[in-house]
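Participant: Spelled out from the first residue to the last, the chains are:
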Amino acid sequence: MRRLLLIEDDDETAEEITGYFRDRGFDVDCSATGKEGLERASATAPDLLILDRMLPGLDGLSVLETLRRDGVQTPALVLSALSGVDDRVRGLSAGGDDYLCKPFALAELLARVEALLRRPVIGAETVLRVGSLHMDLVARSVRRGARTLDLLPREFRLLEYMMRRAGQTITRAMLFEEVWRYNFTPRSNLVDVHMGRLRRKLSVPGEPDLLANVRGIGFVLQAEP
Amino acid sequence: MIRAIGGWAVTLRAALRWTVFIAAGFATMAVVLFAFIYWQAASLERQHIDDVILRESAAIVASRPNDAAQALKDWLNADPHEVRYGGLFGPGGERLAGNLAVLPDALPEDGRPHESVFPTIEREHDPTDPEDVRAIASRLADGRLLVLGYDIDELEDVQDVIGRALALGLVLALLLSLLCGTLIAWRAQRRVASMHGAIGKVMRGALSERLPVRGSHDDLDRLAGAVNGMLRELERLVGDIRGVGDSIAHDLRTPLTRARARLERCRDEAQTVAAFQVSTDRAIASLDQALAVISAVLRIGEIEHGRRRAAFATVDLGALLRDAAELYEPLADEKNVSIRLDLQSEGHLVADRDLMLEAIGNLLDNAIKFTPAGSAVTLSLVRQHGSMLLRVADRGPGIAESERERAVQRFYRGEKSRTVPGSGLGLSLVAAVVRLHGLRLVIGGSGAGCVIEIVCPDSESAAPADPGDDCADSGLPSTTAQLNA
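Here the protein sequences line up with chains A and B, keeping their order. Heads up: the first sequence begins at 1 in the numbering used here, then just goes up one per residue. Heads up: the second sequence begins at 1 in the numbering used here, then just goes up one per residue.
Bound conformation, chain A alone (with noise of 0.2 Å):
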């Protein structure tokens, strides 16, 4: 069973936090102060950390950063109400390995605590498979089947992300994080048309679908069900 550590010093969220996280599989524990928490992120070795940087006490940074000091090297993920990109910077340097500002969906840090649990997904690999879909990195070039697909250089790498983490739900701000690399969210659907696109590249009409769509989150590749 996976181990997570809540530290977050908001009663309600930390239970609806909890509650969520408990109802699929994982097993959760819960500090409400940036002390305490270090302690138990010391002593009981969590599969991941989740901390909210506003703590009473100690703050969630100077926890992270405290752990790190001392060769801790358990994925954090840091939330926090803080939403300027300075901040997430801040964040992600003091040792967070992903910031999630609030308010966010329960969906997208679920997806993101599993991207994190899977880690790491970057080989050295020069092919991939998911199904029938192949991928040769260095040649640039894809197959489904027999079929070759014709992809822009965008969309290349957003299948290449995406089969990296095949089975796995991605959020839509994931997406434009990691593939555009774009500090700003821009109107919601913009990564969906770019989706629906690579959809219709993957899939000629009578073929299954391999991008399901999430509802609400985002996205996930399959291997042909």
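Bear in mind the hints are in silico, worked out from the structure with no lab data behind them. One or more hints might be untrue.
[As the list claims (entries may be wrong)] For each label pair, taking beta carbons as the anchor points, the in silico distance ranges come out as: (1) B:H385 to A:P205: 49 to 55 Å; (2) A:V89 to B:G374: 38 to 44 Å; (3) A:V127 to B:D246: 56 to 62 Å; (4) B:A274 to A:A105: 19 to 25 Å; (5) B:R242 to A:L58: 40 to 46 Å.
Here a beta-carbon is modelled for each residue, glycine too, at the ideal position from N, C-alpha and C.
Place chain B on chain A using the hints.
Facilitator: Relative to the frame of chain A, chain B by itself:
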């Protein structure tokens, strides 16, 4: 109250200083004036005396030797004011004629008038008080010496009169200056008091109050004018904030009310889990809309406070527009709109690439939203009059001239676009980004389409503006609304 007394003390001190200043000025002026008058009068009188003794001396010297004593006697006799002295002395200094008992010492025999003192005179006269005279000594042809003198008591009289006048004048001048100082101080105090009153009203919240201006264009007047200008700007800003507050309240309340109503209804009416989910999904969508408004407001605030300047680097404008076009092309395609990329020039700008892309993206988003299906949105990079122009043009309804200035304000939504969804913050965000970079936003175009330009003054060396800078230009040209950084 304490402040009022303090103000009074300051005014009083200022008044005293004024009074002393003015009095000293008046006194100096009076002394200088009287000294000048005295000097003028005295030299005129002396000149007159000198003329008299010169003329008479010349006449006696020129007369026949036998007539000289008689001529001297005649001159001395014709002297009702007893101011004439004279003596005729032998070559050895013995007295021959006239009312001078002895030859005065130290009088040069050069026939020119000199200042001298005659000690012994045959007339009723106080021997301890020798007469001060203008005197002249001339040698006659036969060796006799003629000495003529003229009393300068009259000169002393003039001096006395003028001295008295000076003393009297000084007293008058001082009195006058005291009066003037008090008057000026009193008037200044009255104006300061009225300004105090006006400022007090402003501080209590009456922002429409103005300081009194008399139209005299003096220092106080100009200061009051400047303060009034500041108050006008403050009043405008506070009005804007109030308007923005109302807009935020509206844009937040609408989705929140919807979410609340949906949740309430589904609690009472939902019969199945599916129906419950549909309702909650719609409620969540409404909440997301409200959250998007909050995020956008915070984001504009973040940009406006210049917190993003760490990320400034040289940005290739052509590549920027290509990226923007690529990002929005599928969206345009879905609406059957084409994006025409028109890169007539190359250019670089020191900028935050993400923010610039976001700004261009917002403009493109708007253009795609408003342009009719089947038409094109043009994205161009043009060099014009030494400036680089990033231009987004569409064939939509455009922004009316009267609305252009307000279009860049937060939450403004044009009359024609009320039915199109959006937070109404797009252009405000663009304006904030443009301001942060020290660029200029120009909204133009006619009824058949909207043209929005971001003007980069000098593409090679444009430096970001000081974050403290504000929109300075309020005098808008008739055809374009400009937002200056």
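Participant: Given a hint of 19 to 25 Å, does the C-beta separation of B:A274 and A:A105 actually sit inside it?
Facilitator: holds (20 Å)
Participant: How does the Cβ-Cβ distance of A:V127 and B:D246 compare with 56 to 62 Å: does it lie in that range?
Facilitator: At 59 Å between Cβs, range holds.
Participant: Starting from the range 49 to 55 Å, see whether the pair B:H385 and A:P205 falls in it by beta-carbon distance.
Facilitator: For B:H385 and A:P205 the Cβ distance comes to about 54 Å; the hint holds.
Participant: Do the Cβ positions of A:V89 and B:G374 conform to the proposed distance bound of 38 to 44 Å?
Facilitator: holds (43 Å)
Participant: Do the Cβ positions of B:R242 and A:L58 conform to the proposed distance bound of 40 to 46 Å?
Facilitator: Since B:R242 and A:L58 have Cβ atoms about 41 Å apart, the given range 40 to 46 Å holds.
When the structure is compared with the earlier hints, no violation turns up for any of them.
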